[in-house]
Amino acid sequence: MASEIKKQTYHTHITSKHRMLDLNLKEVWRYRDLILLFTKRTFVLTYKQTVLGPAWIFLNPFITSLIYTFVFGGIAGIATDGVPQILFYLCSNAIWLLFSTSVTNNAHAFTANANVFGKVYFPRLTIPISNMLSSIIQFGIQMILVLAFLAFYLFKGEVHPNWSAWALIPFALLHIGVMGLGFGIIISSLTTKYRDLAILVTFGVQLWMYITPIVYPLSAMGGGIMEMIMMFNPVTAPVELLRYAILGQGVVRLDYYLISIAVTLVVAVLGVMLFNKVEKTFMDTV
Amino acid sequence: MSKENNTMVQTNRPIAIKATSVKKRYRLGQIGGGTLTGDLQSWWARVRGKEDPNTKIGTDQRLVGQTFMALNGIDLTVYQGEALGIIGGNGAGKSTFLKLLSRVTAPTEGEIDINGRITSMLEVGTGFHGEMTGRENVYLNGAILGMTKAEIDAKMEEIIEFSEVREFIDTPVKRYSSGMYVKLAFSVAAHLDSEIMIMDEVLAVGDMAFQRKCLERMRRAAKDEGRTVLYVSHNMNTIRQLCDRCIVLDKGKIIFSGGVEEAIELYMGKAIDCPKRVDLAKAARPHHKCKDGIKLTAAEIVNADEWRIKVGDKLRYNITVKATKDMENVCFKTRVMTADENSVSLFLAPNLITCKAGEEIEIPLEADTSQLVPGKYLLTPALYDINEFGEMMFFDHVHASIGLEVETKLGFCSNMKWDQRWWGNIKLPDIVDLRK
Numbered sequence: 000m001a002s003e004i005k006k007q008t009y010h011t012h013i014t015s016k017h018r019m020l021d022l023n024l025k026e027v028w029r030y031r032d033l034i035l036l037f038t039k040r041t042f043v044l045t046y047k048q049t050v051l052g053p054a055w056i057f058l059n060p061f062i063t064s065l066i067y068t069f070v071f072g073g074i075a076g077i078a079t080d081g082v083p084q085i086l087f088y089l090c091s092n093a094i095w096l097l098f099s100t101s102v103t104n105n106a107h108a109f110t111a112n113a114n115v116f117g118k119v120y121f122p123r124l125t126i127p128i129s130n131m132l133s134s135i136i137q138f139g140i141q142m143i144l145v146l147a148f149l150a151f152y153l154f155k156g157e158v159h160p161n162w163s164a165w166a167l168i169p170f171a172l173l174h175i176g177v178m179g180l181g182f183g184i185i186i187s188s189l190t191t192k193y194r195d196l197a198i199l200v201t202f203g204v205q206l207w208m209y210i211t212p213i214v215y216p217l218s219a220m221g222g223g224i225m226e227m228i229m230m231f232n233p234v235t236a237p238v239e240l241l242r243y244a245i246l247g248q249g250v251v252r253l254d255y256y257l258i259s260i261a262v263t264l265v266v267a268v269l270g271v272m273l274f275n276k277v278e279k280t281f282m283d284t285v
Numbered sequence: 000m001s002k003e004n005n006t007m008v009q010t011n012r013p014i015a016i017k018a019t020s021v022k023k024r025y026r027l028g029q030i031g032g033g034t035l036t037g038d039l040q041s042w043w044a045r046v047r048g049k050e051d052p053n054t055k056i057g058t059d060q061r062l063v064g065q066t067f068m069a070l071n072g073i074d075l076t077v078y079q080g081e082a083l084g085i086i087g088g089n090g091a092g093k094s095t096f097l098k099l100l101s102r103v104t105a106p107t108e109g110e111i112d113i114n115g116r117i118t119s120m121l122e123v124g125t126g127f128h129g130e131m132t133g134r135e136n137v138y139l140n141g142a143i144l145g146m147t148k149a150e151i152d153a154k155m156e157e158i159i160e161f162s163e164v165r166e167f168i169d170t171p172v173k174r175y176s177s178g179m180y181v182k183l184a185f186s187v188a189a190h191l192d193s194e195i196m197i198m199d200e201v202l203a204v205g206d207m208a209f210q211r212k213c214l215e216r217m218r219r220a221a222k223d224e225g226r227t228v229l230y231v232s233h234n235m236n237t238i239r240q241l242c243d244r245c246i247v248l249d250k251g252k253i254i255f256s257g258g259v260e261e262a263i264e265l266y267m268g269k270a271i272d273c274p275k276r277v278d279l280a281k282a283a284r285p286h287h288k289c290k291d292g293i294k295l296t297a298a299e300i301v302n303a304d305e306w307r308i309k310v311g312d313k314l315r316y317n318i319t320v321k322a323t324k325d326m327e328n329v330c331f332k333t334r335v336m337t338a339d340e341n342s343v344s345l346f347l348a349p350n351l352i353t354c355k356a357g358e359e360i361e362i363p364l365e366a367d368t369s370q371l372v373p374g375k376y377l378l379t380p381a382l383y384d385i386n387e388f389g390e391m392m393f394f395d396h397v398h399a400s401i402g403l404e405v406e407t408k409l410g411f412c413s414n415m416k417w418d419q420r421w422w423g424n425i426k427l428p429d430i431v432d433l434r435k
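Protein chains in written order, with numbering that gives the first Met the number 0: chain H, 0 to 285; chain F, 0 to 435.
Bound-form chain H, shown alone (with noise of 0.2 angstroms):
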């Protein structure tokens, strides 16, 4: 009588029909772990065999925003609010890259994994979950350097955070995280089809971060209507805050937030169907 328990536990109804809203996060949740372990794999593969290793979470960043530094900040001359530059830059710079990592890697996600998802089943889901949750690990890792900078500058008494707004962080990395992975699973699922997308979005979040605040602090728009537009890019919102929590600058408005987290919503519940719908028969398309 055991398996006839057995039997009942597991039975799997395959049908052509499709619903919208069938998206089996419990099923997710049973493999937790294979999220995990994409995650970890991430990170052992992009070391593996190089001689600096993991050091290269550092560099990369780090060497990224000297340039940042030399450029807006020497030649150009923004102002970064009395935030010392290559700290203000540091930190920009690692949020963005949460953000654009969050998108690009999902944005392949159905055409890189083409040759695992066509031979066995698992929940597709946990592709983009485990990119972001390595986008965010990733940021926690940048955050080391940027916090190295930031006690040197607090010692110096250059820098004042709002130690108040820190117990905000995880929230707006979520967030942040949570939107990249619904624009990167959008294109994704879209790019099954139409491989032009794939193209753009490299291009596309290279344009996006230059209308959102990260090489210049938001209120070099000087109020008015440029930054009232800025702030209806969703990914303002979330970096201003984390900026105002971590280096005492940024502009933070309630409204906007909100904004900010209704479309980040739309996004990750649209990018979620779009993906459960596609993910059923990608493999005959991609």
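Think of the hints as simulated: they come from the structure by calculation, not from any bench.
Glycine included, C-beta positions come from ideal geometry on N, C-alpha and C.
Treat the hints with care, since some could be wrong.
A few chain H residues facing chain F, derived, Cβ under 8 angstroms [what the hints assert, rightly or not]: (1) His12; (2) Asp32; (3) Leu33; (4) Thr38; (5) Lys47; (6) Val115; (7) Phe116; (8) Gly117; (9) Val119; (10) Tyr120; (11) Val251; (12) Asp254; (13) Tyr255; (14) Lys279; (15) Thr280.
Starting from the known structure of chain H, arrange chain F on it as the hints suggest.
Here is chain F on its own, set in the frame of chain H:
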């Protein structure tokens, strides 16, 4: 061996898989243009009623407009604990069916109900990454196949033991030989606690000993642990060893479901017919380089209306040969093969033919086929002589040109069903009791 008598399907067993009129349609040609531009182009062409510039149209009869039915109405019930073989030519729909079962892609129409968890091994080492060590890959592969980390931890020792690659387990798998790679990958899949296992020719690599080990493991899974095994292969011998029921797919439909031997005969021997007189003059001779001088032109059975005899009978037939040169002491032989072209044995007729150039002669022959068990066979007649090094030099060799069916008769083998899987194709004479 205790597996002999399992060919019957017990219908009172619980159902593991039930497929109801499952269809899978694929679009032909490129899927879309691959780019947005391509699709817009196709769309614009359709709007104007012109031919789509981005589609190719094939000639297959399963075409419906510009689509292709890879599966065209599959109804199948698989019972728990069954080892089901699936055979069919390339493009018959085997892999598509397995893909649907393992939920890699969804059916276009129809429904499938599955009771139990499925492990699909459509490929071994899915998700294996060359840069990661054997152990890391076991974790990842196991998790992909649905195990939790705790489950993998518990089985790690067993997996490593089975895989025979213990010394290399902490080496990146890109350094593995292809055999080691497959062994490790198979071991992971073989140790899953799933109720249903699906395998698509995964045993192709790995040495013979390991292949046997895998088959034995699969058979144990089906027979002793009550798991259900679905196995696709072009290797009829592994099908024979593993499966107790077999379906034959052709053009997206199940054309046969039943015993393994019958299925293999149907699949391999679709072309085997047994007319009384086989014209060999125009038959294709693709395999051997032959010397000129003498050719086979016909073979005709004498003691039956077709090439169909009862088990235990001798075979009487005439061969006709035509010489273009003066020939002396040409030998004749006939190789006997099973329907899937495994050799059974050989009949020799040394120094049979001596004739003049231009002559066409008919030679009556008798071959003692009484030890062949019931089944369908293919015969390869050949003419040869032996050179000074003792090698066979062919004048003519007509591969698998004659079909021979041996029918069973009452009293054969004490009315037991002869199981070729285990007993082979030759029934040796009964053992003699020396006390009599």
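Against the structure, the hints come out as follows:
The closest approach between the C-beta of H/His12 and any C-beta of chain F is roughly 6 angstroms, which is under the 8 angstroms cut-off, so the hint is satisfied. Proximity of H/Asp32 to chain F holds as hinted, the smallest CB-CB distance being about 4 angstroms (cut-off 8 angstroms). Taken as an interface hint, H/Leu33 checks out: its beta carbon lies about 4 angstroms from the nearest beta carbon of chain F, inside 8 angstroms. The criterion of a C-beta within 8 angstroms of any C-beta in chain F is not met by H/Thr38, whose closest approach is roughly 11 angstroms, and the hint is violated.
For H/Lys47, the shortest C-beta to C-beta distance to chain F is roughly 5 angstroms, which falls under 8 angstroms, so the interface hint holds. Satisfaction of the interface hint for H/Val115 is found here, the shortest Cβ-Cβ separation to chain F being roughly 5 angstroms, below the 8 angstroms cut-off. The restraint placing H/Phe116 at the interface with chain F holds, with a minimum CB-CB distance near 7 angstroms, inside the 8 angstroms limit. Annotation: H/Gly117 was flagged as interfacial toward chain F, and the flag holds, the nearest CB pair being 6 angstroms apart, inside 8 angstroms.
At about 5 angstroms, the closest approach between the beta carbon of H/Val119 and any beta carbon in chain F falls short of 8 angstroms, and the interface hint on this residue holds. For H/Tyr120, the shortest C-beta to C-beta distance to chain F is roughly 4 angstroms, which falls under 8 angstroms, so the interface hint holds. For H/Val251, the interface hint is violated, since its Cβ never comes within 8 angstroms of a Cβ in chain F; the closest pair sits about 39 angstroms apart. For H/Asp254, the shortest C-beta to C-beta distance to chain F is roughly 37 angstroms, which exceeds 8 angstroms, and the interface hint is violated.
With a least beta-carbon distance of about 34 angstroms to chain F, the hint placing H/Tyr255 at the interface is violated under the 8 angstroms criterion. The interface hint given for H/Lys279 is met, as the beta carbon of that residue sits about 4 angstroms from the closest beta carbon of chain F, less than 8 angstroms. A distance limit of 8 angstroms between C-beta atoms decides the matter here; for H/Thr280 the minimum to chain F is near 5 angstroms, and the interface restraint holds.
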